[in-house]
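Trainee: As given, the protein sequences belong to chains Z and S, one line each in that order.
Each residue of the first sequence is one higher than the one before, counting from 24 in the numbering used here.
Each residue of the second sequence is one higher than the one before, counting from 24 in the numbering used here.
These are computed hints drawn from the structure, not numbers from a lab.
Quick reminder that beta carbons are idealized off the backbone N, C-alpha and C, glycines included.
Heads up, a few of these hints could be off.
[Stated by the list, open to error] Covered stretches of chain S, going by a simulated chain Z footprint (3 or more residues, C-beta under 8 Å):
#, segment
1, 35-44
2, 132-139
3, 175-184
4, 412-419
There are 2 protein chains.
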Amino acid sequence: MNSEIISIGTELLLGHVINTNASFLSEKLAEAGIDVYHHTTVGDNPVRLTAAIIRALGRSDIVVTSGGLGPTVDDITIEVIARLTGRKLVLNKTILKGVKDYFRSKKVPFPEESIRQAYIPEGLKWVRNRVGTAPGLIAEYGTRKIICLPGPPREIVPMFERDILPIIKKLSGGIIIKSKTIKTTGLAESQVDGKVRDLLKLKPPTTVGIYAKLGQVDLKIMAKAKTSGEAGRNIAKVEKKIRSRLKKYIFGYDTDTLESAVVDALIKKGLTIATAESCTGGLLSNRLTNVSGSSKCFKSGIIVYENEAKENFLGVSHKTLKLHGAVSAPVAIEMASAIKHYACTDIGISITGIAGPTGGTRKKPVGLVYIALATDKRCIIKEMRFRGSREEIKFQASQAALNLIRAECHANIHRN
Amino acid sequence: MNSEIISIGTELLLGHVINTNASFLSEKLAEAGIDVYHHTTVGDNPVRLTAAIIRALGRSDIVVTSGGLGPTVDDITIEVIARLTGRKLVLNKTILKGVKDYFRSKKVPFPEESIRQAYIPEGLKWVRNRVGTAPGLIAEYGTRKIICLPGPPREIVPMFERDILPIIKKLSGGIIIKSKTIKTTGLAESQVDGKVRDLLKLKPPTTVGIYAKLGQVDLKIMAKAKTSGEAGRNIAKVEKKIRSRLKKYIFGYDTDTLESAVVDALIKKGLTIATAESCTGGLLSNRLTNVSGSSKCFKSGIIVYENEAKENFLGVSHKTLKLHGAVSAPVAIEMASAIKHYACTDIGISITGIAGPTGGTRKKPVGLVYIALATDKRCIIKEMRFRGSREEIKFQASQAALNLIRAECHANIHRN
Chain Z
24 MNSEIISIGT ELLLGHVINT NASFLSEKLA EAGIDVYHHT TVGDNPVRLT AAIIRALGRS
84 DIVVTSGGLG PTVDDITIEV IARLTGRKLV LNKTILKGVK DYFRSKKVPF PEESIRQAYI
144 PEGLKWVRNR VGTAPGLIAE YGTRKIICLP GPPREIVPMF ERDILPIIKK LSGGIIIKSK
204 TIKTTGLAES QVDGKVRDLL KLKPPTTVGI YAKLGQVDLK IMAKAKTSGE AGRNIAKVEK
264 KIRSRLKKYI FGYDTDTLES AVVDALIKKG LTIATAESCT GGLLSNRLTN VSGSSKCFKS
324 GIIVYENEAK ENFLGVSHKT LKLHGAVSAP VAIEMASAIK HYACTDIGIS ITGIAGPTGG
384 TRKKPVGLVY IALATDKRCI IKEMRFRGSR EEIKFQASQA ALNLIRAECH ANIHRN
Chain S
24 MNSEIISIGT ELLLGHVINT NASFLSEKLA EAGIDVYHHT TVGDNPVRLT AAIIRALGRS
84 DIVVTSGGLG PTVDDITIEV IARLTGRKLV LNKTILKGVK DYFRSKKVPF PEESIRQAYI
144 PEGLKWVRNR VGTAPGLIAE YGTRKIICLP GPPREIVPMF ERDILPIIKK LSGGIIIKSK
204 TIKTTGLAES QVDGKVRDLL KLKPPTTVGI YAKLGQVDLK IMAKAKTSGE AGRNIAKVEK
264 KIRSRLKKYI FGYDTDTLES AVVDALIKKG LTIATAESCT GGLLSNRLTN VSGSSKCFKS
324 GIIVYENEAK ENFLGVSHKT LKLHGAVSAP VAIEMASAIK HYACTDIGIS ITGIAGPTGG
384 TRKKPVGLVY IALATDKRCI IKEMRFRGSR EEIKFQASQA ALNLIRAECH ANIHRN
């Protein structure tokens, strides 16, 4: 069984909006066991939309459209479907009530043009929109299905997951696809590839894909099976192999982020932390505090951008700064120890480096970063060299610092 | 003259990668005066790719493909083009030398499979890849043109802008399209819309579009003309109207960000700044320090996440904290004054609030944020109420703080 996604909207063809719906729908359809062979995007043009749908119906079992369901005359999806299926548009009172209730809840007067959204092709199945006004639509076309969904991501995502996915799963004939993503940091893509090359060549029903981002490499295991249990067991077998090969480089699974894994580990061990940042300028603290509940472990942070601030706020010695420079291991160590001391935390972490694009020298090039982690028992120092833009270097430095904290939590040498 | 974009890659159909190339190419083609009516995505499948190209050639003057130029057997674009144009693949020694040089510069041994990238259809025009190994390709097909570009955004963007855009502009018959984006903050989309509604209805050759993001609304003026001068004059006319209506809400143009506008304004006025953040957890400092050259105005920052830190690091009085709570105007004022004092800067800015999702009460709900700005002459305090997720509330708070700094720079009451 295969499917095709048609995205509708002139804003997509003008490049004003990036098409995230196509990738969202593709991922969900793949997980439901449905192959996707084509994405098509057309503007708010009835002739080109009709042609695209007819072409899709000729080669795909399920055609999913997104967009063109709004209240303006530019929104043409409903009319095109009515003409294609030979049905007339009729007012649906339940939908109209829903649209009116929506505006009432927003304390906004009902805009007359929104009445258009309550007209749907006679007799067609429709799906309630719980966060907006445009209903979804499900049409049969011979043995094919056309599913029309709204364009805004905040509307299409919940509608698809709640109301469409169960229908799709039934159509896919009970094939179950399960996936698990294993997230790593600290190794380059080629290094991860080298450790799991045999697994990357696995053929269906169980496959492994590799996906590299800045400072992170993910492995996604996908398993197709008749039952959820069988798919789960097949994933577990491959996961066991990956875990034994990548061990400490694995920081989390699926929706985990490195910062959420670090905050979880700190809370679990009952450890508190404070930060002293120079070149990352607050990024490390910002990432830690993006995690809900981080106030349980994150106490405070200092951003000491200039040398004077390093002396005044953290008491880094003038002599160390003069002798070694602000970007040096001794300064990083003094910063980490000082913030740990002043903030009265279990861990103090510091970052000092050159984010660029200017400020580098031959001995201390752009991308040179020192990261220090101080506890009651020891102080670890790392020298790293990163490449990329200013923001990329900042990000990689924060990534390495988070990974150092994670390693420390697992080192098990603390009071707990 | 119209164009069509074909994106190639099974990873796109699986939803593993978001298709940013299609929107990038669309935007650039529109600016060059070329209409785009279709986007199509197919996997690494020669039959479906061939069909997609033939269909595109039937309805579009220029077909631009991205992807499928890599060194592996999955990369099929070159072979499909060779077959379509009836040419055989021949080794191009210049390309081969470029590919070998690339690996030499990376200090990586030449992978034998990469020799495939030096085979191109005999006699076709090719384009050097300055950041990767896959060359671009330009084929004629009757009166149509097929332009094949690499898939990675970091390769396609510079190749398109440097080598393809001049060709496209020549094809578009000398029509010039210019655009200027005016960026605002501090007003909701509906408020900006209300002020420029007549301009949003302008018809070509000069049009205005409105684009809302979190905490920011942009207006993009586009003008089509025979000469660059005429397009520029038409943009200037509309820009003048927009400026007179949106005045102080405009923070910048085109590639400006709010943080870059703030850093520019601070440096221009010779003002220094330090931050004291609670609920934003370092985001404000991070955004300021993302701007290259920010060390000229940004001195230091403190993140005081817990009450004790507010007392210890900033000397916020225990009494104020107890009487008004950490999220209150008096605490924000004490924080801003204290960081200004300790960091010896012209401006001290503070943020304290409830980012959620937990921690809200009826009197102090999630999204309540106080922002204070202290100078030698005065202290301004703002109470704001934001909606959204934890990260959205943090972002909007940092956006409001940046806007307050910008207003202060323009208030002209400083020593300079």
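Trainee: Determine for every hint whether it applies to the structure shown.
Mentor: Against the structure, the hints:
1. Only residues whose C-beta sits within less than 8 Å of a C-beta in chain Z count toward coverage, and the segment 35-44 of chain S has 9 of them, enough to reach three; the restraint holds.
2. As drawn, the segment 132-139 of chain S meets chain Z at 0 residues by the rule of a beta-carbon pair under 8 Å; below three, the given contact is violated.
3. Counting residues of the segment 175-184 of chain S whose C-beta sits closer than 8 Å to any C-beta of chain Z gives 0, which falls short of three, so the coverage hint is violated.
4. With a cut-off of 8 Å between beta carbons, the segment 412-419 of chain S has 3 residues touching chain Z; three or more are needed, and the interface restraint holds.
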